[in-house]
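Number of protein chains: 2
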Amino acid sequence: MKAKKIVIVGGVASGPAAAAEARRTDENATITLIEKGPDISYSACEMPLLISGEVEDDSRLVRHSPQAFSEKYGVEVLTHHEVESIDPERRKVSVRDFSTQNLNELPYDTLVVATGSAATIPEALTTQSKDVHLIRSLEDSRSMVTTLNSKTVHHAVIVGAGYVGLDIVESLLRRDIRVTMLASEGRILSNSLDAGISKEVVRHLESQGVNVRAERATRLDVAPDGALRAVETDAGEKIGCSLALIATGTRLLNSIGTAAGLKIGPGGGYQVDDQLRTSIPNIWACGDCIDREDVVTGQSILAPLALNAFRTGRVAGRNAARSGKGRPASVRPVVKVAAVSVCGLEIAHTGWSEEEGRKKGLNTTSVTIRHRSASSLSPHKALLVHLVAEPGTRRILGAQIVGEEGAAQRVNLITAMIRSGGTVDDLYELDFLYAPRLAPAHDALMIAARTMQKNLG
Amino acid sequence: MKAKKIVIVGGVASGPAAAAEARRTDENATITLIEKGPDISYSACEMPLLISGEVEDDSRLVRHSPQAFSEKYGVEVLTHHEVESIDPERRKVSVRDFSTQNLNELPYDTLVVATGSAATIPEALTTQSKDVHLIRSLEDSRSMVTTLNSKTVHHAVIVGAGYVGLDIVESLLRRDIRVTMLASEGRILSNSLDAGISKEVVRHLESQGVNVRAERATRLDVAPDGALRAVETDAGEKIGCSLALIATGTRLLNSIGTAAGLKIGPGGGYQVDDQLRTSIPNIWACGDCIDREDVVTGQSILAPLALNAFRTGRVAGRNAARSGKGRPASVRPVVKVAAVSVCGLEIAHTGWSEEEGRKKGLNTTSVTIRHRSASSLSPHKALLVHLVAEPGTRRILGAQIVGEEGAAQRVNLITAMIRSGGTVDDLYELDFLYAPRLAPAHDALMIAARTMQKNLG
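Taken in sequence, the protein lines are chains F and W. Using the numbering used here, you'd call the opening residue of the first sequence number 3 and step up by one each time. Using the numbering used here, you'd call the opening residue of the second sequence number 3 and step up by one each time.
No lab work stands behind these hints: they were computed from the structure. Any given hint could be a false lead.
To be verified - Here are some, though not all, of the chain W residues that point toward chain F, as calculated from beta-carbon distances under 7 Å:
#, residue
1, I282
2, E406
3, L435
Stated by the list, open to error - DMTMM-like mimics (lysine to aspartate or glutamate), calculated; alpha carbons at most 20 Å apart, straight line:
#, chain 1, residue 1, chain 2, residue 2
4, F, K6, F, D111
5, W, K383, F, E407
6, F, K383, W, D142
7, F, K383, W, E406
8, F, K201, F, E78
9, F, K383, F, E406
Yeah, the Cβ is synthetic: ideal placement off N, Cα and C, and Gly gets one too.
Please construct the entire structure, taking both the sequences and the accompanying hints into account.
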């Protein structure tokens, strides 16, 4: 029997997971992993630790070098190569080799698309200046570290107030760099946090010396020698700085698939079934670039998270390699969760915020309560819990928790309850641990649930 | 209409909760709360903070003094009074007034029994020495603080290795007192932790200078002046010390109820229904002294936990006061959970240990894994997770988690999964947060679930 040819496009997280699982599934297959950048199999989420200087050697973020991955899994790894098109009829991809600029055809029996997403840059902020950075790839991070090591930066401007922006605030503060953050409408993590919680986070950032401004960057003032001089805003401000990060969002890298006829789902990613099959036979997709089913609404959403990248990669890799043998692997619907640690504050959320939930047609109600991480007589930290639920069914839709400790783990508990269809009554009745040094007699989540019970009657 | 007479027996935690809720339910009732000790409404779980000296004023552990409680809720509070018998036919209790030694009859329309439990003392360790202590009531704790403040204690022996023993280890270490713990069969928290985890905890305690001995105390060597000289053990050792704590267990204080004919359940506590009605009309029971339904097995168990004391107190108080108006309150089945912090280690458990589960007829399997509380590149602590499940159904039965951070909160998540009937597959598929400074890419719970999946096939 001829060896199966499996081609995997995209090498950051989901692609390597797919390649490794494909190898575990079929020891004879010919597997090719194609990545347009120089690196594969690295931890993008840990890049802030590189930028802060906490991690000095960037290879510590790399799980496998291309060569090590190739040797470990018997996978041909083509870095500096980009798939420019897919021909589903002839089962071939056209691959550009950046070192020679040659375009070659590569045949496949099965194809896995894991092209992920890229940072978006508003046109007005496009520049060649070495002082203006994105943080999307390991290359981007190395470039920022190079800039930080080549000169003394006193003040940096971060354009955007999403997870990447907050991560880099933390990194720069650890380098004793003063930071100004331009947050559209003054909102932090506006897709995840409701207005009240966002305000609390802004207040905390400002108390730690971060200047958060409800302004939009309109222009970069770059000297003729390429040095950044200032970021200009729609308020007419000219904010002097010698470093800027553009972290205004991402866009899916779905063009090769759509050109080949792969259907796009309502969420904007590739439409896939629970086995991660796309709309075209022999093509699977995984990672950030696919639509997923949301546990709460049943609707299609994007869930660009590291854990989803690994999970969907393993499922796509298994199914692309299995040739009808054994049961196909499948994925479950997802709950969107995320967390970030900035200025000593854990910020974590799960499920739907009230604002985003309403946009999706959910009927929502919420409460916000303050409590402690432990008994008042023991050392403890403040916790702020914002709980979102559906009034009629009383089921929990989401939570946003902020505090110096215990926020992230409490969010995981709420995720488990969302998955099981738990109500605010279930949350109130939960057998929470009590130990004065570890948890208060009535947990913050219990108090939030009780407050909501009272509101709901 | 005549005011309803509600009598509540027991004033530590569940009784006051019942009294307060009874008042909320019926503003006209005559409510009497009877407590044999001098204190009511105090936080027994925080007594270790008093003994360590972290809290100096014992009134900080008291939520309401008898007078304050009486004024706030319009409840007659009889401290230093003990109910000696119940006459369900005539609906009267006989109450001994310790100040006069008089025995008076008190009529009731409804009665709430919240007598809790008491420390057990092996006969061989019974003594009048002021150096030998129990920690059950606030009085006990004051007495121990008095001893600690009256002389320099260099070495103390703790007889017993349950939650109370571990709490007081922590308290004494904080006073720079050397501690020897006598742990039956060398096991720590033997009703909660399986052998392997227990061993890990012993190793940690010993690394922190605690001497843990697998010996049983057989005799106290007390000088003629009452000073403790040594604790003798079944290994023939004579352990010199000037303070000892007897923490060998508790027994339920159910004698007045059983004498009156209240049925005892299979768990050893009063048999109650989900409205906390006992087997005799007009008598409810709550707190440590009742049987509860276990979520996992459906069997009757004791669940002597602070949160259960409050919850069952509120339900019993409501129902004893409601006179058929409105819907009765009810309790749900429980999951047994507990946690303690000792020598910087969080020790937490939920549900069934493998050993205890098997005794109850559960078919069990378990895994133990080691992981980290956060990314390897960020500051992190070790976590040890012991997960117990049922092989056939794959449902989670319990977990024991030990670590310097994140153990207690992870146990709460497992409790939520046990309640919803979650399986190891559900746990593996959970959308865990990932943020390098807060949680690793693959959570310890996820790795435990994955390991068990592999074992189960």
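Structure-inconsistent hints, enumerated in ascending order | 1, 2, 6, 8
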